[in-house]
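If you're matching positions, the sequence shown starts at 233 in our numbering and goes up one per residue.
Worth double-checking, as some hints may not be accurate.
Stated by the list, open to error - Label pairs and their computed distance ranges (CB to CB):
1) Gly295 / Phe253: 31 to 41 Å
2) Thr299 / Ser265: 34 to 44 Å
3) Gly306 / Ser235: 11 to 21 Å
4) Val258 / Leu301: 34 to 44 Å
5) Arg264 / Leu309: 19 to 29 Å
6) Leu288 / Arg322: 31 to 41 Å
7) Gln346 / Val258: 34 to 44 Å
8) Leu342 / Val285: 13 to 23 Å
9) Gly291 / Leu319: 33 to 43 Å
Hints in this document: simulated from the structure, not taken from any laboratory. All C-beta atoms, glycine included, are put in the ideal place defined by N, C-alpha and C.
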Amino acid sequence: MISGFAVAIAICALAVAVWSFVLVAVNRPPTRSLLFGLAGVEALLAVQVVISVVLLIAGERPGSMLTFLAYLVGALLVLPLGTVWALAERTRSSTAVLGVACITVPVLILRMYQVWEGASA
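Sequences and hints are given; from them, build the entire structure.
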């Protein structure tokens, strides 16, 4: 993994989480602009998948391949699943669900980085 890119993803996800919780505080359902922010973070996660695949093809290996792939897939799925849930019930609570989903992304990215670095430790 590229540590700088992982940090960038985490910061973007946290920024969208803050945005989401501000909307919760003002009692708003998910807005179109919030969904665009989520799409941006999801695009960064898709780039992370491509980077990971390229690094794996190049011969680099995480400490535990199965664990790394599970976190990679989980990080890629958490935002779409949260969005489906939020759009099924467009309320203040669904905006909070999106905020929690966004907070989950940096945690998953951190764990992916830790598992990746486990190979060289």
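Discussion item. Flag every earlier hint the structure violates by its number, smallest first.
Written reply: none
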